[in-house]
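Turn these sequences into a full structure, and let the hints steer you where they fit.
Sequence order for the protein chains is A and B. Residue numbering for the first sequence follows our numbering, beginning at 2 and increasing consecutively. Residue numbering for the second sequence follows our numbering, beginning at 2 and increasing consecutively.
If you're looking for bench data, these hints aren't it; they were derived computationally from the structure. Be a bit skeptical, because a hint or two may be false.
The list treats identical chains as interchangeable, and a pair is accepted whether it falls inside one copy or across any two copies.
Said to hold, decoys possible - Below, simulated DSBU-like cross-link-like pairs (lysine-lysine); rule was C-alpha separation at most 35 Å, straight line:
| id | residue 1 | residue 2 |
| --- | --- | --- |
| 1 | Lys159 | Lys51 |
| 2 | Lys164 | Lys53 |
| 3 | Lys32 | Lys161 |
| 4 | Lys159 | Lys20 |
| 5 | Lys87 | Lys164 |
Chain by chain, the residues run as shown.
2 protein chains.
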Amino acid sequence: MTVLDRVIGRLSKLPGLGKKSASRIAYYLLKADQALVSSLAMDIMELKSKIKTCPICGNYTEELPCSICTDTHRDKETICVVEQPKDLLSIESTHEYHGLYHVLMGVLSPIDGVGPDDLRIRKLFERIDGGEIREVIIATNPTVEGETTALYLINQMKEKSLKVTRLALGLPVGGDLEYADRLTLARALQGRQRIES
Amino acid sequence: MTVLDRVIGRLSKLPGLGKKSASRIAYYLLKADQALVSSLAMDIMELKSKIKTCPICGNYTEELPCSICTDTHRDKETICVVEQPKDLLSIESTHEYHGLYHVLMGVLSPIDGVGPDDLRIRKLFERIDGGEIREVIIATNPTVEGETTALYLINQMKEKSLKVTRLALGLPVGGDLEYADRLTLARALQGRQRIES
Numbered sequence: 002m003t004v005l006d007r008v009i010g011r012l013s014k015l016p017g018l019g020k021k022s023a024s025r026i027a028y029y030l031l032k033a034d035q036a037l038v039s040s041l042a043m044d045i046m047e048l049k050s051k052i053k054t055c056p057i058c059g060n061y062t063e064e065l066p067c068s069i070c071t072d073t074h075r076d077k078e079t080i081c082v083v084e085q086p087k088d089l090l091s092i093e094s095t096h097e098y099h100g101l102y103h104v105l106m107g108v109l110s111p112i113d114g115v116g117p118d119d120l121r122i123r124k125l126f127e128r129i130d131g132g133e134i135r136e137v138i139i140a141t142n143p144t145v146e147g148e149t150t151a152l153y154l155i156n157q158m159k160e161k162s163l164k165v166t167r168l169a170l171g172l173p174v175g176g177d178l179e180y181a182d183r184l185t186l187a188r189a190l191q192g193r194q195r196i197e198s
Numbered sequence: 002m003t004v005l006d007r008v009i010g011r012l013s014k015l016p017g018l019g020k021k022s023a024s025r026i027a028y029y030l031l032k033a034d035q036a037l038v039s040s041l042a043m044d045i046m047e048l049k050s051k052i053k054t055c056p057i058c059g060n061y062t063e064e065l066p067c068s069i070c071t072d073t074h075r076d077k078e079t080i081c082v083v084e085q086p087k088d089l090l091s092i093e094s095t096h097e098y099h100g101l102y103h104v105l106m107g108v109l110s111p112i113d114g115v116g117p118d119d120l121r122i123r124k125l126f127e128r129i130d131g132g133e134i135r136e137v138i139i140a141t142n143p144t145v146e147g148e149t150t151a152l153y154l155i156n157q158m159k160e161k162s163l164k165v166t167r168l169a170l171g172l173p174v175g176g177d178l179e180y181a182d183r184l185t186l187a188r189a190l191q192g193r194q195r196i197e198s
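As C-alpha cells, then:
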C-alpha cells in the first residue's frame, strides 16, 4: 500500500468525504506547493495539542479561559446552552448574541447510555448558582435528543428565579444548528420564547 | 487566529470542500483519537516526498518504474493515453483493461499557454517508436481541451502503422434518454452499434 492509498483511505474516513472526494483531495495535494502541504500537515498535528477546553464554558480554545468568557463587553447575565462547540460558532456567526455560552458536549441519550452526569450539566448549575445569571437560552438542536435535553434542563431550572428561553422554532424540525443559514438562526434568536413555569 | 481557524481555512481551500464541510472535519479531528490524527498528518507530510512520477508512463508511484509498467502479465502492445493519474485510476477500477498507460499530465490548451511540449507527448512517441506498441487507445476527457488533444495525437499518429482508438461516447449506463444532453445523445446516435443476430 502506497502513501497515496493510505492518504486516500484516511481522508475518506473523514465526515462528508467519500472515496472519490478523498482521492480528488489527495491528487490535489500531490500537485500542490510543498509549503502549503506541510503547513496543512503541521496545523493538523498541532490541532489536538494546542486546542483545549475552556474550564468555564466548555468551548474549544487556545487560551484558558476562552476569549468569550473573559470578554468584558459581553452580557454576563445571559447564558446560551449549546450541545457542541460548532453550535456556539454557528450562533456567533449571526452576530445577534452578546451573552455567554455553555457547551454541554453532547446530549442526553439513554439509548447510547449518555446521562446527565456525562454532560457538562453540573457545571452549568454551578454557574447559575454563582448568582449573576438572569436568563438561560436553551439552544440544543430541535432533534429528539436535543428536545429531551432541553426538557430536562427546563425541569431542573423550575425552582430557580431565572428567565428560561428556547430558540424559536424557525429552525427546521429534525435539522441541525450547524446547517442552518445565518438569517434563520438570527430569526430564531430574536423570536426566542419565554417558558412559563 | 487559532490553530482551529487555520486548519478550517486550509481545509476549505481543498477541492470539493467549503467552509462548512471544512469545519465539520476540523471538529471531527479535534474529537478523534490522537493516533489517527497524527498518522493522517504524517502521511500528508510524506505524500510529496515519497510519491514520484514513473519515468515511463508518468503515473504517480513509490517505486521507479511503477508497478503497472513492470507487471509482466500486462499486455505490452496496447497503450491507453490519459490526461491525469486519477484518470488511470478510474480505468483501472473497471478491471476491463490490461494494457499499459501513458499519462499526459494535462491537455493542450492554447488559452492557458499549454502546448505539446508542456505535456508528456514526446515521451509517448518515443515509446511508440520503440516498436512493441500496436494499439493506442486515446482516453482523454470528452471536453473541448480533451478533444483538441485527441485530434492532435491522432494527426501525429497518422503515418505510423498503429491501430488508434478512442473511448466510445454515448449514454451513461443506467441513464435516461430524457435527461441526456443533446450532444451526448447525438454522439450516441452517431456511434450506434449494429446488433448481430
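Hints, one by one, checked against the model:
| no. | hint | verdict |
| --- | --- | --- |
| 1 | Lys159 - Lys51 | neither (39 Å within a copy, 62 Å between copies) |
| 2 | Lys164 - Lys53 | within (31 Å within a copy, 63 Å between copies) |
| 3 | Lys32 - Lys161 | between (60 Å within a copy, 34 Å between copies) |
| 4 | Lys159 - Lys20 | neither (49 Å within a copy, 39 Å between copies) |
| 5 | Lys87 - Lys164 | within (25 Å within a copy, 58 Å between copies) |
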